[in-house]
Amino acid sequence: MQTQAYLVVATLIFLIGAMGFLIRRNILVLFMSIELMLNGAAMLFVTFSRQLRQMDGHVFVFFIIALAAAEAAVGLSILIAIFRLKHRVNVDELTELKG
Amino acid sequence: MFFLQTVAPTGGVTSNEVFDRYPDLVSSIGTDMGAFLPELVLCLGIVWVIFVDLFSKRQDSRRPGWHALGVLGLSLLTLVLGGFPSAEEAGSLFHGMVVRDGFAVFMKLLLTIGTAICVPMVMSHKDLQGRRMGEFYGLLLGSLLGMYMMASARNLLMFFMGIEFASYTSYLLTGYLKGDRKAAEGGVKYVIYGSVASGIMVYGLSILYGLTGSLDVGAVAQALIVTKASPSLLIITALLCFAGFAYKISAFPLHFWAPDVYEGAPMPFTAFLSVVSKAAGFAILIRFVVAFGAPGADGQALTLASGKVLDLDWPQILAVLAMFTMTIGNLAALWQNNFKRLLAYSSIAHAGYLLMGVAAVVPRIGAEGDPGWQPVLFYLVVYLFMNLGAFYIAQIVAARTGTEELPGFAGLGKRAPVLAVGLFLFMISLIGLPPTGGFTGKWQLLKAAWENGLHTLVLVAVTNTVISVYYYARIIKLMFLDQGDGEGYVLPVGQRTAVVLMVVPILWLGLFMDSTVHLIRSLSFAVIG
Chain G
47 MQTQAYLVVA TLIFLIGAMG FLIRRNILVL FMSIELMLNG AAMLFVTFSR QLRQMDGHVF
107 VFFIIALAAA EAAVGLSILI AIFRLKHRVN VDELTELKG
Chain U
17 MFFLQTVAPT GGVTSNEVFD RYPDLVSSIG TDMGAFLPEL VLCLGIVWVI FVDLFSKRQD
77 SRRPGWHALG VLGLSLLTLV LGGFPSAEEA GSLFHGMVVR DGFAVFMKLL LTIGTAICVP
137 MVMSHKDLQG RRMGEFYGLL LGSLLGMYMM ASARNLLMFF MGIEFASYTS YLLTGYLKGD
197 RKAAEGGVKY VIYGSVASGI MVYGLSILYG LTGSLDVGAV AQALIVTKAS PSLLIITALL
257 CFAGFAYKIS AFPLHFWAPD VYEGAPMPFT AFLSVVSKAA GFAILIRFVV AFGAPGADGQ
317 ALTLASGKVL DLDWPQILAV LAMFTMTIGN LAALWQNNFK RLLAYSSIAH AGYLLMGVAA
377 VVPRIGAEGD PGWQPVLFYL VVYLFMNLGA FYIAQIVAAR TGTEELPGFA GLGKRAPVLA
437 VGLFLFMISL IGLPPTGGFT GKWQLLKAAW ENGLHTLVLV AVTNTVISVY YYARIIKLMF
497 LDQGDGEGYV LPVGQRTAVV LMVVPILWLG LFMDSTVHLI RSLSFAVIG
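Protein sequences appear in the order of chains G and U.
Everything in the first sequence is counted per the working numbering, starting at 47 for the first residue and increasing by one.
Everything in the second sequence is counted per the working numbering, starting at 17 for the first residue and increasing by one.
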């Protein structure tokens, strides 16, 4: 029962992130949504790892956290590059490339 | 590594427990490092290239490029000296994190050669002159290192790490030209969609871990045979995991980033993305797919090998994705006027053809003397040379005409016959006509799919090939029949040699494919289970 509660919360966090990604248009908010998605997955890993009495999932979570930080660094640096050029942080206003 | 062993574990009970449970942990890591040499060379090479850049002048932007080539050569040398491990030698390193087998070595060779072709393109690209290029080469080598991991990953953690390692460096390289609007925009789009794809994938991996209780692909596959999970949950999990791979190989439904990123990125890196990155994506996808068909304990493998897990027909699901991928790529390519964008859609279409080969992999596993992934690997070799060749010539033309749009190619047959004939052959190969490798490669893919009952898929693929003739032939018509303005020019010897060096493998693979096919068939694949 307790495990299921964690699963529901983790799935909710993931879905909130996914919805945020689809609805919001500010790139910074998009990155936050992606963090939420990653955290949902991390929470699932911890839950399963605890339930299975293994360390594997816990270790995976450390890597997710580290990679999420690296991702934020890379994403924000590219974001700064585009902000300097356009002074906008909205995905809808990126229209240089038609796609 | 002996000094680590001799130090007595003093940190209390926990470290003692670890040493008791894994007595050979440290020493085995030491011995595994020997087989990990190509990766170590790259690791040091990344630092070295950046270091060299610190001590060279800004105008001397080619210097780190030569060093990067040296590092790639050294890595290639260690790979070749290590040889292809035979079936007995194949195994895993670092307690099952990474596999060492013929398949992984072959893929690493392919990836290294692809990168080594891209480096001279970077060195001669005019927008990348007179900049600090150390980071560029460092990131390029880093991306290659991530792809090495992708080619040899066995643990789900390594799958994730490899894909992310290769991706993050690619994001930065796409937006490397900071002042360029297109490059910055391509970079932003790449990083956003890429992060979402990897977020979705890691969520899928976490469910997979929960269902099976293991991170080892082999153990996951074995556990899935006996799982009581519902088919709908399993198919959702598989599709979530597939998101990560699909994004790497730019397959439907995660293909839409490709055209924008390809157009925004500097040309040599577009070439790298479309070929090397895609090859690594297919390597990891094949590893994933084959793991689910590996021989199991007691005949259960038969249910897996026939492609049916829990009454779900996996080859059919892959086949549908392949159909969508190739059709979308080819139809969108018809209206493109930018060469990079055209090749972007063409590379989506090719991802579809290759996915057709992957769909045919599963039922063929276990067939004597014929690893199911042989056609896919063969086509990847052909694709490497033909696509990189096309990009190389496009870069030379773009540097001369100052535009990457298609009209820049008008009258190329008169201005620079060598380039025009080279591009003609690459286009013929991309269409899939004899006597080029594109024909033999595509023929093998179609044959594999047909023999495994994917008849609709084969028909769709053939129809797509016919559609694709239109836009490839358009370039050929522009080059030879249309009048272009601009002076004729004589190519430097280096460029001429490079074009010939790219054309030769295409013709070789088209006319004498047997040796390559035999080599690929003889590769060992670490049986996971």
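There could be a bad hint or two in this list.
Subject to a maximum C-alpha distance of 27 Å in a straight line, what follows is the list of computed DSSO-like cross-link-like pairs (lysine-lysine) [what the hints assert, rightly or not]:
#1 U/K73 x G/K132
#2 U/K198 x U/K244
#3 U/K142 x U/K430
#4 G/K132 x U/K142
#5 U/K244 x U/K194
#6 U/K244 x U/K73
#7 G/K132 x U/K463
#8 U/K430 x U/K493
#9 U/K142 x U/K244
Which stretches of chain G does chain U cover? Using the computed rule of at least three CB atoms under 8 Å from a CB of chain U, they are [claimed, not checked]:
#10 66 to 80
#11 84 to 94
#12 98 to 106
#13 114 to 126
#14 131 to 143
These aren't lab readings, by the way, just hints derived from the structure by calculation.
For each residue, glycine too, the CB sits at the ideal point set by N, CA and C.
Going down the list of hints, with the structure as the test:
This hinted pair does not check out: U/K73 and G/K132 have alpha carbons roughly 31 Å apart, beyond 27 Å. Taking the CA atoms of U/K198 and U/K244, the gap is near 50 Å; set against the 27 Å cutoff, the hint is violated. Distance hint between U/K142 and U/K430 is fulfilled; the C-alpha atoms sit about 24 Å from each other, no more than 27 Å. Between the alpha carbons of G/K132 and U/K142 the distance comes to roughly 25 Å, so the proposed pair stays at or under 27 Å and holds.
For the given pair, U/K244 sits about 52 Å from U/K194 by alpha-carbon distance, which is inconsistent with the 27 Å threshold. For a cut-off of 27 Å, the pair hint linking U/K244 to U/K73 is broken: about 64 Å separates their Cα positions. Straight-line distance between C-alpha atoms of G/K132 and U/K463 comes to about 51 Å, which puts the hinted pair past the 27 Å bound. Note on U/K430 and U/K493: the hinted pairing holds, with a Cα-Cα distance of about 13 Å set against a maximum of 27 Å.
Distance check on the hinted pair: U/K142 and U/K244 sit about 59 Å apart at the alpha-carbon level, beyond 27 Å; violated. Coverage of the segment 66 to 80 of chain G by chain U holds [criterion: at least 3 residues with CB-CB distance below 8 Å; count 5]. Only residues whose beta carbon comes within less than 8 Å of a beta carbon in chain U count, and the segment 84 to 94 of chain G has 8; three or more means the coverage holds. Residues of the segment 98 to 106 of chain G lying with their CB closer than 8 Å to a CB of chain U number 6, which satisfies the three-residue condition for coverage.
Only when three residues or more bring their CB closer than 8 Å to a CB of chain U does the claim for the segment 114 to 126 of chain G stand; here the count is 7, and the claim holds. Coverage of the segment 131 to 143 of chain G by chain U holds [criterion: at least 3 residues with CB-CB distance below 8 Å; count 6].
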